[in-house]
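Enquirer: This is what each chain is made of:
2 protein chains.
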Amino acid sequence: MTSTTTEVEAATTAAAEAFAAYRATTPEQRGAFLEAVAAEIESDKDAIIEAAVAESHLPLARITGEVGRTTGQLRMFAEVVRRGDHLGVRIDPALPDRAPLPRPDVRQRMIPLGPVAVFGASNFPLAFSTAGGDTASALAAGCPVVVKGHPAHPRTGTLVAQATSRAVEQCGLPAGTFAFLLDEGSGFELGQALVKDPRIKAVGFTGSRNGGLALAETAARRPEPIPVYAEMSSINPVVVLPGALAERDIAVFAQAYVGSLTLGAGQFCTNPGLLFLPAGEAGDAFLRATAEAVAATTGQTMLTPGIAEAYASGTGRLKETDGVSVVGTGTEGGEHAPAPVVAEASTLDGVTDEVFGAAGVVVRYADTDSLAASLDHLEGQLTATIHSASADRKAAQQLLPVLELKVGRVLFNGWPTGVEVGHAMVHGGPFPATSDSRTTSVGSRAIERFQRPVAYQDVPADLLPEALRDDNPWGLTRRIDGALER
Amino acid sequence: MTSTTTEVEAATTAAAEAFAAYRATTPEQRGAFLEAVAAEIESDKDAIIEAAVAESHLPLARITGEVGRTTGQLRMFAEVVRRGDHLGVRIDPALPDRAPLPRPDVRQRMIPLGPVAVFGASNFPLAFSTAGGDTASALAAGCPVVVKGHPAHPRTGTLVAQATSRAVEQCGLPAGTFAFLLDEGSGFELGQALVKDPRIKAVGFTGSRNGGLALAETAARRPEPIPVYAEMSSINPVVVLPGALAERDIAVFAQAYVGSLTLGAGQFCTNPGLLFLPAGEAGDAFLRATAEAVAATTGQTMLTPGIAEAYASGTGRLKETDGVSVVGTGTEGGEHAPAPVVAEASTLDGVTDEVFGAAGVVVRYADTDSLAASLDHLEGQLTATIHSASADRKAAQQLLPVLELKVGRVLFNGWPTGVEVGHAMVHGGPFPATSDSRTTSVGSRAIERFQRPVAYQDVPADLLPEALRDDNPWGLTRRIDGALER
Numbered sequence: 001m002t003s004t005t006t007e008v009e010a011a012t013t014a015a016a017e018a019f020a021a022y023r024a025t026t027p028e029q030r031g032a033f034l035e036a037v038a039a040e041i042e043s044d045k046d047a048i049i050e051a052a053v054a055e056s057h058l059p060l061a062r063i064t065g066e067v068g069r070t071t072g073q074l075r076m077f078a079e080v081v082r083r084g085d086h087l088g089v090r091i092d093p094a095l096p097d098r099a100p101l102p103r104p105d106v107r108q109r110m111i112p113l114g115p116v117a118v119f120g121a122s123n124f125p126l127a128f129s130t131a132g133g134d135t136a137s138a139l140a141a142g143c144p145v146v147v148k149g150h151p152a153h154p155r156t157g158t159l160v161a162q163a164t165s166r167a168v169e170q171c172g173l174p175a176g177t178f179a180f181l182l183d184e185g186s187g188f189e190l191g192q193a194l195v196k197d198p199r200i201k202a203v204g205f206t207g208s209r210n211g212g213l214a215l216a217e218t219a220a221r222r223p224e225p226i227p228v229y230a231e232m233s234s235i236n237p238v239v240v241l242p243g244a245l246a247e248r249d250i251a252v253f254a255q256a257y258v259g260s261l262t263l264g265a266g267q268f269c270t271n272p273g274l275l276f277l278p279a280g281e282a283g284d285a286f287l288r289a290t291a292e293a294v295a296a297t298t299g300q301t302m303l304t305p306g307i308a309e310a311y312a313s314g315t316g317r318l319k320e321t322d323g324v325s326v327v328g329t330g331t332e333g334g335e336h337a338p339a340p341v342v343a344e345a346s347t348l349d350g351v352t353d354e355v356f357g358a359a360g361v362v363v364r365y366a367d368t369d370s371l372a373a374s375l376d377h378l379e380g381q382l383t384a385t386i387h388s389a390s391a392d393r394k395a396a397q398q399l400l401p402v403l404e405l406k407v408g409r410v411l412f413n414g415w416p417t418g419v420e421v422g423h424a425m426v427h428g429g430p431f432p433a434t435s436d437s438r439t440t441s442v443g444s445r446a447i448e449r450f451q452r453p454v455a456y457q458d459v460p461a462d463l464l465p466e467a468l469r470d471d472n473p474w475g476l477t478r479r480i481d482g483a484l485e486r
Numbered sequence: 001m002t003s004t005t006t007e008v009e010a011a012t013t014a015a016a017e018a019f020a021a022y023r024a025t026t027p028e029q030r031g032a033f034l035e036a037v038a039a040e041i042e043s044d045k046d047a048i049i050e051a052a053v054a055e056s057h058l059p060l061a062r063i064t065g066e067v068g069r070t071t072g073q074l075r076m077f078a079e080v081v082r083r084g085d086h087l088g089v090r091i092d093p094a095l096p097d098r099a100p101l102p103r104p105d106v107r108q109r110m111i112p113l114g115p116v117a118v119f120g121a122s123n124f125p126l127a128f129s130t131a132g133g134d135t136a137s138a139l140a141a142g143c144p145v146v147v148k149g150h151p152a153h154p155r156t157g158t159l160v161a162q163a164t165s166r167a168v169e170q171c172g173l174p175a176g177t178f179a180f181l182l183d184e185g186s187g188f189e190l191g192q193a194l195v196k197d198p199r200i201k202a203v204g205f206t207g208s209r210n211g212g213l214a215l216a217e218t219a220a221r222r223p224e225p226i227p228v229y230a231e232m233s234s235i236n237p238v239v240v241l242p243g244a245l246a247e248r249d250i251a252v253f254a255q256a257y258v259g260s261l262t263l264g265a266g267q268f269c270t271n272p273g274l275l276f277l278p279a280g281e282a283g284d285a286f287l288r289a290t291a292e293a294v295a296a297t298t299g300q301t302m303l304t305p306g307i308a309e310a311y312a313s314g315t316g317r318l319k320e321t322d323g324v325s326v327v328g329t330g331t332e333g334g335e336h337a338p339a340p341v342v343a344e345a346s347t348l349d350g351v352t353d354e355v356f357g358a359a360g361v362v363v364r365y366a367d368t369d370s371l372a373a374s375l376d377h378l379e380g381q382l383t384a385t386i387h388s389a390s391a392d393r394k395a396a397q398q399l400l401p402v403l404e405l406k407v408g409r410v411l412f413n414g415w416p417t418g419v420e421v422g423h424a425m426v427h428g429g430p431f432p433a434t435s436d437s438r439t440t441s442v443g444s445r446a447i448e449r450f451q452r453p454v455a456y457q458d459v460p461a462d463l464l465p466e467a468l469r470d471d472n473p474w475g476l477t478r479r480i481d482g483a484l485e486r
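Chains D and U are the protein sequences, given in the same order.
So the first sequence is numbered by UniProt numbering: it starts at 1 and just counts up by one.
So the second sequence is numbered by UniProt numbering: it starts at 1 and just counts up by one.
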């Protein structure tokens with residue numbers, strides 16, 4: 001199946017028509033709809049899991065977990081919508097007696113931007129795809145969604161889209177509230193047509209840097225430019241501090257590193273692609289243990305032949321880079337299941353481009369100052385990790401402010417793969433990790449991407465939107481004259 | 001005085017160096033600094049007012065009011081910073097016993113983006129210039145600011161910059177926290193150099209559509225693109241509904257319209273440039289009263305000769321447009337003080353480009369449906385106004401959802417000039433009113449433009465930023481597991 005330009009236009013027209021009714025839904029109606037999407041996905045869980053495993057080559061346990069993550073996200077946004085804090089209600093009451101001029105009554109709420117285009121990701125056929133985080137947060141904000149399904153998992157996408165459309169129908173919403181388009185070719189033209197369409201008011205994307213930049217450029221050149229939230233590339237630096245190295249069981253530590261690096265064939269945006277290791281004997285021991293751990297790994301089938309080819313050429317380039325030597329290599333796991341690899345580089349030159357897959361680079365450092373300087377030279381990242389012990393406190397204190405300016409998430413003594421879906425999570429970061437650092441694509445704050453504020457001045461009481469009425473029928477927390485009140 | 005490229009680089013370098021210390025200030029320190037800027041402006045109030053009146057040709061009362069607005073904004077942001085809600089603290093506590101995997105401790109706060117470039121506006125030499133809303137909100141967020149002063153009021157800008165720098169020194173902050181650059185020529189190259197500078201991380205701008213678009217394009221083409229908040233152009237549609245027209249004293253109503261249109265020589269972003277009036281006798285009477293009211297006006301000296309010339313060519317083009325006839329004209333007030341004018345247009349063709357100054361266009365409408373269709377065809381606007389009486393309820397109800405999708409502020413039974421500085425205000429709107437509809441340049445929400453979220457996962461307690469510590473030393477309202485807690 002390949003959607004045509006006519007189908008793009010039909011989908012965006014229906015989305016634009018659905019917008020008025022969909023954005024007028026109450027928190028209860030919208031919450032119930034998001035829960036219905038989750039329930040419909042669950043009702044077809046077996047078929048969805050079967051399709052996703054077959055199309056993605058990812059293990060059953062991972063895909064099963066991803067179903068839970070996807071329905072969990074939808075239910076989290078139902079909770080967010082019912083709570084209503086995302087409406088950001090602010091009221092500055094009138095001051096009729098203020099001199100020299102009376103103050104008008106001014107009220108503010110967030111409104112949805114309009115129909116949103118969502119580009120499904122290759123590496124999360126469920127959680128970052130058809131009814132994934134972008135779709136859930138846009139629907140939660142009150143925006144109809146038009147999904148461009150990823151060509152690597154058309155059957156999975158179609159099943160999830162059908163589940164979503166069943167929920168739309170069950171809840172009595174306009175059919176245009178949700179649409180699913182597919183192009184089993186490159187998808188470039190379909191994607192461009194979608195982003196150029198004047199009815200589309202924002203874009204969510206998870207994928208490659210080139211893909212994200214192309215969409216951002218198209219969006220910026222429209223007669224009416226629109227925001228693009230593209231999550232693009234990251235090598236997720238991990239810093240091992242000397243105290244941590246001295247305290248830990250080196251074999252277990254190296255094993256954990258390689259485990260994170262090879263998880264899901266390394267096909268995570270948060271894959272730990274760059275590790276900073278102290279010079280000296282303890283670091284040497286960690287490298288030897290890493291070599292052993294990598295040697296014990298077997299390549300897993302990657303998502304698509306194209307991704308496996310890109311991994312082969314990326315690791316090929318890496319190995320040919322001056323100052324780079326291979327630390328350890330795993331075993332090839334068959335067709336499109338290339339061997340994991342860890343290399344050591346003498347400098348950062350030529351090793352900071354993301355190689356999507358299970359490829360890691362280790363760089364040694366002499367002291368905290370030179371480490372801080374190296375970190376300061378990195379581009380924007382989704383995550384940075386520090387492994388530290390109490391002896392490393394001073395170094396960690398020096399590095400934390402450097403890293404927080406580079407990333408969306410700083411974590412300690414763990415591994416960046418595995419992104420908790422919650423209210424405090426940030427999956428984002430400075431360019432080129434994303435095209436817009438002011439937000440997150442995971443967690444409840446993601447809803448804010450698809451809204452904008454509107455002020456209502458001296459609007460007659462009987463015309464005020466429910467969220468802004470004096471009697472506060474939705475029981476919202478509101479900011480009155482600047483202070484939050486419940 | 002004209003700043004050189006070397007001065008741009010010196011200013012941005014100093015700003016980048018100041019960033020670490022400035023962003024580390026406590027709410028109390030930062031609040032006290034913003035108050036010190038306000039106090040220093042007040043201490044030099046007489047000289048500032050004298051310079052601003054001489055340079056802007058605006059009346060003394062208006063400029064005196066603008067000083068109060070400027071210091072008021074600074075003090076409002078001091079209050080915002082001390083309250084600390086802008087830090088957006090969220091905590092999802094660890095769940096060590098969760099199955100199948102324990103949940104890490106994840107905490108989120110907003111951090112400032114980095115040095116911000118602010119472009120002063122021509123029409124508000126104080127409130128939207130050197131220490132105006134953009135500067136106040138960026139400083140409040142923790143960003144050093146480099147101002148490009150507007151060439152129309154160099155002396156005013158320099159005096160306010162000196163006051164701001166005195167406050168920087170008094171508060172023991174790095175000198176690079178604030179810088180002021182000036183180019184008494186076109187300023188184009190200086191502005192471009194500033195926006196291209198890699199140390200600048202965001203831009204605030206108030207001015208023309210061409211100026212704003214040029215900066216947005218430059219910012220998007222940087223190796224690291226940055227957000228541009230450009231407030232550009234708006235014709236601020238005003239809708240007069242039949243019931244209002246029937247109920248009001250027509251002469252007073254028309255007088256109020258012309259008063260708003262000619263206020264400050266019409267040099268407001270929120271000037272009511274387009275008015276929709278019912279067809280029929282009552283509308284005719286309003287037009288006649290408008291003609292009389294305009295005839296009684298005298299042109300005021302505009303901000304610059306260039307702005308007066310642009311007004312002359314804009315009104316010239318307007319008068320030559322097919323279907324446009326002049327309703328009334330005021331008297332020229334001398335050099336660069338062109339006559340106010342109100343014209344009637346038979347359609348919207350050719351009359352929807354902003355003419356900066358006291359020029360209004362009236363369009364007649366037959367019924368609510370055709371009015372709604374016309375409004376739906378307008379570009380994005382800062383404001384829309386509805387004049388309605390109780391008999392107009394149904395029409396107002398139909399128009400409100402159309403207008404709220406077009407604007408940043410909807411107001412009833414008033415005039416759009418005069419923007420209240422408060423917590424609920426939105427001075428923004430869809431493109432081309434601004435380059436980024438997701439925000440406001442007036443009011444306390446403006447601080448959010450210069451921040452981004454960072455998540456802290458399993459960060460040891462003794463390394464956590466103060467805003468995120470368990471003991472909550474700043475007494476912040478925080479979102480714990482999704483719910484606000486004080």
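Take the hints with a grain of salt, since some may be wrong.
Identical chains blur together in the list; that is why a pair holds if it fits in one copy or across any two.
Below are the SDA-like pairs computed for lysine to any residue, each with C-alpha atoms no more than 25 angstroms apart in a straight line [as the list claims (entries may be wrong)]:
no., residue 1, residue 2
1, Lys319, Ala308
2, Lys319, Leu263
3, Lys319, Ser346
4, Lys394, Asp376
5, Lys319, Ile49
6, Lys394, Ala461
7, Lys394, Thr4
8, Lys45, Arg69
9, Lys394, Gly334
10, Lys45, Val67
11, Lys319, Gly306
12, Lys45, Phe431
13, Lys196, Glu224
14, Lys319, Ser165
15, Lys394, Glu17
16, Lys394, Asp458
17, Lys319, Arg209
18, Lys394, Pro465
19, Lys196, Glu35
20, Lys196, Phe431
21, Lys196, Asp376
22, Lys319, Ala337
These aren't lab readings, by the way, just hints derived from the structure by calculation.
Enquirer: Each hint: holds or not?
Expert: Now for the hints, and whether the structure bears them out:
1. In this homomeric assembly, Lys319 and Ala308 come within 25 angstroms of each other (Cα to Cα) only inside a single copy, at 16 angstroms, whereas the closest approach across copies is 65 angstroms.
2. With identical chains, the CA atoms of Lys319 and Leu263 are at most 25 angstroms apart within one copy only, with a shortest distance of 22 angstroms there and 69 angstroms across copies.
3. For the homomeric pair Lys319 and Ser346, the shortest alpha-carbon distance inside one copy (12 angstroms) is at most 25 angstroms, but the shortest distance between copies (71 angstroms) is not.
4. Taking the shortest Cα distances, Lys394 and Asp376 sit within 25 angstroms of each other inside one copy (18 angstroms), while across copies they are farther apart (59 angstroms).
5. In the homo-oligomer, the alpha carbons of Lys319 and Ile49 never lie at most 25 angstroms apart, since the shortest distance is 37 angstroms inside one protomer and 67 angstroms across protomers.
6. Taking identical chains as interchangeable, the C-alpha atoms of Lys394 and Ala461 lie at most 25 angstroms apart only when they sit on different chains, with a minimum of 14 angstroms there against 58 angstroms within one chain.
7. In this assembly of identical chains, the alpha carbons of Lys394 and Thr4 never lie at most 25 angstroms apart, being 59 angstroms within a copy and 41 angstroms across copies at closest.
8. Only within a single protomer do Lys45 and Arg69 lie at most 25 angstroms apart by alpha-carbon distance; the minimum there is 13 angstroms, versus 59 angstroms between protomers.
9. For the homomeric pair Lys394 and Gly334, neither the shortest alpha-carbon distance inside one copy (47 angstroms) nor that between copies (69 angstroms) is at most 25 angstroms.
10. With identical chains, the CA atoms of Lys45 and Val67 are at most 25 angstroms apart within one copy only, with a shortest distance of 8 angstroms there and 64 angstroms across copies.
11. Within a single copy, Lys319 and Gly306 get their C-alpha atoms as close as 20 angstroms, which meets the 25 angstroms cut-off; across copies the closest is 61 angstroms, which misses it.
12. Taking the shortest alpha-carbon separations for Lys45 and Phe431, neither the intra-copy value of 36 angstroms nor the inter-copy value of 42 angstroms comes in at or below 25 angstroms.
13. In this assembly of identical chains, Lys196 and Glu224 lie within 25 angstroms of each other by CA distance both inside one copy and across copies; the values are 9 angstroms within and 23 angstroms between.
14. For the homomeric pair Lys319 and Ser165, neither the shortest alpha-carbon distance inside one copy (48 angstroms) nor that between copies (53 angstroms) is at most 25 angstroms.
15. When the C-alpha separation of Lys394 and Glu17 is checked against a cutoff of 25 angstroms, the pair qualifies only between copies, where the shortest distance is 21 angstroms, while the shortest distance within a copy is 58 angstroms.
16. Taking identical chains as interchangeable, the C-alpha atoms of Lys394 and Asp458 lie at most 25 angstroms apart only when they sit on different chains, with a minimum of 17 angstroms there against 55 angstroms within one chain.
17. In this homomeric assembly, Lys319 and Arg209 come within 25 angstroms of each other (Cα to Cα) only inside a single copy, at 22 angstroms, whereas the closest approach across copies is 50 angstroms.
18. Taking the closest pair of Cα atoms, Lys394 and Pro465 come within 25 angstroms of each other only across two copies (15 angstroms); inside a single copy the shortest separation is 53 angstroms, beyond that limit.
19. Taking identical chains as interchangeable, the C-alpha atoms of Lys196 and Glu35 are never at most 25 angstroms apart, the minima being 31 angstroms within one chain and 46 angstroms between chains.
20. In this assembly of identical chains, the alpha carbons of Lys196 and Phe431 lie at most 25 angstroms apart whether taken from the same copy (23 angstroms) or from different copies (15 angstroms).
21. Taking the closest pair of Cα atoms, Lys196 and Asp376 come within 25 angstroms of each other only across two copies (20 angstroms); inside a single copy the shortest separation is 37 angstroms, beyond that limit.
22. Within a single copy, Lys319 and Ala337 get their C-alpha atoms as close as 18 angstroms, which meets the 25 angstroms cut-off; across copies the closest is 71 angstroms, which misses it.
In the structure shown, a violation is registered for the earlier hints numbered 5, 7, 9, 12, 14 and 19, in ascending order.
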